[in-house]
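K.L.:
Taken in sequence, the protein lines are chains U and B.
Per my numbering, the very first residue in the first sequence carries number 1; after that it's consecutive.
Per my numbering, the very first residue in the second sequence carries number 1; after that it's consecutive.
FYI, nobody ran anything at the bench for these hints, they're computed from the structure.
It should be emphasised that the depicted structure is a prediction, and the values quoted were computed from it without experimental measurement.
Think of the CB as a built atom: it goes at the ideal place given N, C-alpha and C, for glycine as much as any other residue.
Please note: incorrect hints may appear among the correct ones.
[To be verified] Here's a subset of chain B near chain U, in silico, CB distances under 10 Å, partners left out: (1) Arg133; (2) Trp216; (3) Ser217; (4) Arg219; (5) Pro221; (6) Thr223.
[Unchecked claim] Calculated Cβ distances over 10 Å to all of chain B for the following chain U residues: (7) Pro16; (8) Gly143; (9) Arg205.
[Said to hold, decoys possible] A few chain U positions that, by computed beta-carbon distances, are all more than 10 Å from chain B: (10) Arg9; (11) Ala126; (12) Arg157; (13) His233.
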Amino acid sequence: MTTPVLDLRGVAYAYPGGHQALFGVDLHVHPGERVALLGPNGAGKTTLVLHLNGVLSPGAGSVAVSGLPVTEENLLEVRRRVGIVFQDPDDQLFMPTVRDDVAFGPANLGLRGAELDARVLEALEAVGVADLADRAPHHLSFGQRRRVAIATVLAMRPEILVLDEPSSNLDPASRRELADILRGLEVTILMVTHDLPYAVELCERSVVLSEGTVVADGGTRELLADGDLMARHRLELPVGFSI
Amino acid sequence: MGSGPGEHLHVEGATLLHRMPAHVKLVGMVAFVLAVVAVPSPAHVVLAGLLVLAVGLVLATRVPARHVLPRLAVETPFAVFAVVLPFVAVGPRVQVGPVSVSQTGLTAAVALLLKGTTGVLAAIAFAVTTPPRDLVRALQHLRVPDPLVLIASFMVRYVDVVADQLRRMKVARASRGFSARSVRAWPVLAAGTGALFIRSYERGERVHLAMVSRGWSGRMPMTSPLEATGRDWAAGLAPALVAALAAATVMMVS
Ligand SMILES: Nc1ncnc2c1ncn2[C@@H]1O[C@H](COP(=O)(O)OP(=O)(O)OP(=O)(O)O)[C@@H](O)[C@H]1O
Ligand SMILES: [Mg+2]
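Here chain U stands alone, though its shape is the one from the complex (with noise of 0.2 Å):
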């Protein structure tokens, strides 16, 4: 048996504010999984996320990543193992060009000079969009935003991509291209996703959330064509589209 790349155990979660998003999740990923996290609205799915590199610390239970324990002081090596991309690629893009802005994770790990530049544009490569590394990120399309949001975290050689809602907002074709390249990616995926045939396309294996625990973990076909599971928590597949 492999170390789990994420090994969420009982991990509970309440907002400052008192409400309680997370109720004790257990949450397993092997390397070179492709795992879908669905739920519906307010399911606790970013909060989840938020999670995994330390940004939020469980109220309850444990979090490690490849073994290490995610704490206050191995938190720069979580975050350069775990590679989150957040839904919105403006919050995910802050620098003037998109060269700094690939540059900015590795800078922040020490890297500099020629082994920050071959870094910077084999991440750019990874997601076919090295021919923008000089262009200002306010000036990209949405799907282009995308990609090289996703080339920032790329760029750290993260053990696990962590994408919170992938396709939202992309056109069909831009949609197909994403999920070329993260099938082409050789990294270990976890998937945020509202897009069921997404994750049928992309993950072998899904987990369901709903209320803050886990109540559904399995193949994503089996899972999808569970009609009491998926009403239960208010999931549903596009009209027309059938398992």
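Fit chain B with the ligands to the supplied structure of chain U, relying on the hints for placement.
P.N.:
Chain B with the ligands alone, transformed into the frame defined by chain U:
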């Protein structure tokens, strides 16, 4: 995203000013403007000479006049003030054509116009030849504290995003029959401004989250340092030196 404020200020080019490292240019520009301001007001001829120098700098950027001239509009309030000055200032009066104006007011007004225009031209020569990215790097080089550099860099990055949000809110208001014609519209506009502020604040929190997630620890990494040779510094500071010598000469003579 459309065009927002500040978008087309920089113009690509390969002139001496374009190639000069941004931090050298920035120091040179600020020093030049300070020296021009230090020239005593009555020395109109010297000030005119420095204005010609500033015009020369703008010409040296090879940026088309139609791009430069509209930028001069920022000077308008000062120009208006300058025009009013001779009429309202006190002291001995002189006859200019049919009207009688204040002598000191007139001197000050002409000096204000000359200095103002020179300063604006120098700033334009800097802005059209410096990409926003280099401006940020220049500030970093000049040891401006990180928080200030970040504020400048985020402003460059997000001014369009916020302007776009504002535009969408306007459209949303207008689509529901709102028009800001009377004082009664003010509460609505105030609420809109508040909403925009909150959205920007929340955006700030999310950006911070994204920065922290990529290993940010409070220090801005200097990724691609600017390099300047002694010759760059000599060229960059030359206009400031000319202006400083002019100012010193005038002060000593008078
Ligand atoms: N900063 C916060 N303070 C207080 N409560 C919050 C905060 N952020 C989220 N919550 C609450 O926690 C619960 C889980 O929110 P979360 O954002 O994790 O849901 P989600 O599964 O990501 O939903 P969505 O699919 O809409 O993105 C929700 O009830 C939400 O209202
Ligand atoms: Mg969410």
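K.L.:
Does each hint fit the structure? Answer for all of them.
P.N.:
Status of each hint after checking the structure:
no.	hint	verdict
1	Arg133	holds (4 Å)
2	Trp216	holds (6 Å)
3	Ser217	holds (7 Å)
4	Arg219	holds (8 Å)
5	Pro221	holds (3 Å)
6	Thr223	holds (5 Å)
7	Pro16	holds (14 Å)
8	Gly143	holds (14 Å)
9	Arg205	holds (24 Å)
10	Arg9	holds (22 Å)
11	Ala126	holds (16 Å)
12	Arg157	holds (12 Å)
13	His233	holds (27 Å)
Of the numbered hints stated above, none is contradicted by the structure.
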